[in-house]
Structure formats: C-alpha cells, structure tokens
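One-letter residues, chain by chain:
Protein chains: 2
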Amino acid sequence: MSIPVVDFWFDFGSTYSYPAAIRAPACAAKIGVSIRYRPFLLGPIFKAQGWDTSPFNIYEAKGRYMWRDLERVCAELSIPFRRPEPFPQDSLLAARVAIAGRNESWHDDYCRAVFRAQFGEGLRIDDITVIAGILHRVGAPASWLEQAGSDDAKRVLRTETEQARQLGIFGAPSFITPDGELFWGNDRLDTALAWAKGTAAATA
Amino acid sequence: MSIPVVDFWFDFGSTYSYPAAIRAPACAAKIGVSIRYRPFLLGPIFKAQGWDTSPFNIYEAKGRYMWRDLERVCAELSIPFRRPEPFPQDSLLAARVAIAGRNESWHDDYCRAVFRAQFGEGLRIDDITVIAGILHRVGAPASWLEQAGSDDAKRVLRTETEQARQLGIFGAPSFITPDGELFWGNDRLDTALAWAKGTAAATA
Numbered sequence: 001m002s003i004p005v006v007d008f009w010f011d012f013g014s015t016y017s018y019p020a021a022i023r024a025p026a027c028a029a030k031i032g033v034s035i036r037y038r039p040f041l042l043g044p045i046f047k048a049q050g051w052d053t054s055p056f057n058i059y060e061a062k063g064r065y066m067w068r069d070l071e072r073v074c075a076e077l078s079i080p081f082r083r084p085e086p087f088p089q090d091s092l093l094a095a096r097v098a099i100a101g102r103n104e105s106w107h108d109d110y111c112r113a114v115f116r117a118q119f120g121e122g123l124r125i126d127d128i129t130v131i132a133g134i135l136h137r138v139g140a141p142a143s144w145l146e147q148a149g150s151d152d153a154k155r156v157l158r159t160e161t162e163q164a165r166q167l168g169i170f171g172a173p174s175f176i177t178p179d180g181e182l183f184w185g186n187d188r189l190d191t192a193l194a195w196a197k198g199t200a201a202a203t204a
Numbered sequence: 001m002s003i004p005v006v007d008f009w010f011d012f013g014s015t016y017s018y019p020a021a022i023r024a025p026a027c028a029a030k031i032g033v034s035i036r037y038r039p040f041l042l043g044p045i046f047k048a049q050g051w052d053t054s055p056f057n058i059y060e061a062k063g064r065y066m067w068r069d070l071e072r073v074c075a076e077l078s079i080p081f082r083r084p085e086p087f088p089q090d091s092l093l094a095a096r097v098a099i100a101g102r103n104e105s106w107h108d109d110y111c112r113a114v115f116r117a118q119f120g121e122g123l124r125i126d127d128i129t130v131i132a133g134i135l136h137r138v139g140a141p142a143s144w145l146e147q148a149g150s151d152d153a154k155r156v157l158r159t160e161t162e163q164a165r166q167l168g169i170f171g172a173p174s175f176i177t178p179d180g181e182l183f184w185g186n187d188r189l190d191t192a193l194a195w196a197k198g199t200a201a202a203t204a
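As given, the protein sequences belong to chains C and D, one line each in that order.
Read in order, the letters of the first sequence correspond to residues 1 to 204 in this note's numbering.
Read in order, the letters of the second sequence correspond to residues 1 to 204 in this note's numbering.
Just so you know, same-sequence chains aren't split out, so a pair can sit in one copy or run between any two.
Below 25 Å or equal to it, Euclidean Cα-Cα: the simulated SDA-like pairs (lysine to any residue) are:
no., residue 1, residue 2
1, K47, M66
2, K62, W51
3, K62, D179
4, K62, V5
5, K197, E71
6, K62, G185
7, K47, E60
8, K62, E121
9, K62, G43
10, K30, D109
11, K62, E160
12, K62, D190
13, K30, S2
14, K62, D52
15, K62, R165
16, K62, A48
17, K197, L70
18, K197, Y65
19, K62, G180
Keep in mind that the hints were calculated from the coordinates and are not lab data.
The shape of chain C in the complex, shown without the other chains (with noise of 0.2 Å):
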C-alpha cells in the first residue's frame, strides 16, 4: 500500500501557512502520511475577489486578531515569531525560485527556510540577498536564483497558481487530500492527513 499524498498549497507571504509548513512534515509522519509543499500566488486570487492587500490589512479587526493569535500558535509550537514589516511581503521572488527547483532535494527545506526567515527572524523575502543566503543555509548553488527568472519557473507558478484557483482554494494555507477533499487553514492540517490517511486505508 502506497503513502497517501496531501498537497499543501501556500503563499509565502501568508501568516498561518508558517506554523503549517514547519509542523506539517512530523505531523504527516506520524500519521503516515506524506507531504507535498505547492507553492502559488494569492495575489490573482485575492484580486479577483476585489482586495489589493491581505483581508489583514483591509478588515482591521481581523487583522489585529490574526497578529495576536499567530503570536499565541507559534508559542505554543516553540517556534520563534516576529511580525514582518511591510506585510504582506512580495512572495514572488522566494516563489519562483522554489518552483525553479521544485526537483530539488533542497526544495522543502528551502520552503521552510524562507518561512522562518519572514515571521521568525522579520526578514523580507522579496530581498535577493536574503534569498540567496537561504539557498545558500540549504545548500543550494547561488544559479538557481538565474533558474529562477527563467520563463519555464515563470510560467509553472502561473500554472500553478491557476491549478490552485481551479481547485477553489481561496486562501491559505490549503490542503488537497487525493480524493480531492479541500481543507483551509492551520488549524485543519491534521483533520487532511488524517482525512487522507482514512480514506487511503479503505480503498487499500
């Protein structure tokens, strides 16, 4: 019998997809499950739903609540927080650059990478430099940042960012078990893999 598959879609940029994507590889194994990071754009997404920033910044008590409960998520993760300023960060960059290399055995380390570099050390992703010290951290040669203005990654993240929208994902982090059940949010991660886990173990 094969691993179940989720896919964990993500923007850089997006808050809770942090504490999902550094706790989802041990969540996933201990359930038996695999993960499969997909890095997209949320902003074709949002736009066509009429917002120009993060629902954060337009909906302030929203956005004042997010902070806050991040904040408590990531205490109690033991996992460092600082909010990054400006936010949201430009994510294309750090997005492209992942998709270059979606091949790579560097790639889910890299994701990480760039997650605890934004909302744990306040770095900005959309800084070439911090992105090629993180390549570097994950040992990866410094070309994939050429690789990654090639208009092959170029496309794939336009791709996958209309996959994503075509799956109705509207937010994220999301989660795609392989029957195509759609779970969105940091707090849903382990109801996916379990949900995968599941239905994986009664068509076994």
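Chain C is fixed; fit chain D onto it per the hints.
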C-alpha cells in the same frame, strides 16, 4: 478555586457556531471550565466592514468550501446537518428571545435547540411558530415571545452587540477567556478552554 468562565459569543445565523454550541458544554465540562452563551448580532458588525450579507455569500469559493466543511464537521460529531434556505437566516427574533430569557434555566437548552432546528432540521428561525415550538420543547412559557419584543430585550441585544464589537469580535463563534484573550472559530474552542483553565491554574 472557582471555575473559569469562557464567554461564547455567537449569532444564531452563524454556521460554525452550530457545531461549536452543541459540543461546547461537554468540552468545557471535561476540562473543568464553564461556558456562557452570549448571543449578539453579526449584521451590524458585517455592515461596518462593508458587507450586506454573509461573507460566505459574497465570496463564492469560500462559501462553497464552508458548506462542504460544515458537512464534514457535523458528520465527525455525529450531529445532523441540513443546509438552511435562505442563508443567512434573520436571527433577530431568536436572539431577542434568548436575551429576554438570559437568566432563565431554559436559556442554554434554547440556544442549542435554535441551532439544531436551523442547521439540523432546515427550519427557518425567523418563523415565530418555529421559535414558539422550540420554547415549548425547552419548557418555557409562550409568553417569552412577548418579552422578546420588550424595550429591555431590544436594548440589551444592542448593548451586547456593541460590546462584542468593542471586544474586537469580527465573526462567530468567538470565545473570550477571563483574562480577555479572544479566540475565533469552532476550531479554536478547545484552545480557548485550555487557555482559560491554564491561566486560572496559574493565578490560583
């Protein structure tokens, strides 16, 4: 040491408040915390955010997700689910009855019964005969329907709604611990209860 009380703020038309209201008493009792149901009206708070209906109606993908997710959540809890038509229901009458009977022994049973009628049986809670039937079932005299129309009930519901707004509440269900921490959403109920228990123990 006294039992900490968590305020459970909700609008009777709120979808995720249904499973939260039903499971809250058992979850609270298990951990040694008490729940106080605090109905208010989301309408004025949504209106201040520029919405004239539920965000689940305004944002199509989010709405489609919510109905499927709510169905899964109810199945997991083994409670009935029927999507109400129309959505959202006008919750004014149901809320005024609850406010009028806020000190009565049937108040909590009434709150849960309104949710069950709406999301479990698909009944309309803006129908006075439905509310009359619920009052009868929970052992409350029909005269409470008149009390619901009193100036006092109207005034207190307005005050409660304004207090919810001042507490930073922007959606439902929302939970407020004795030390003033806000937790939003059915998914955060258990965290709110644990928080209330933990801080009560720490200051005992």
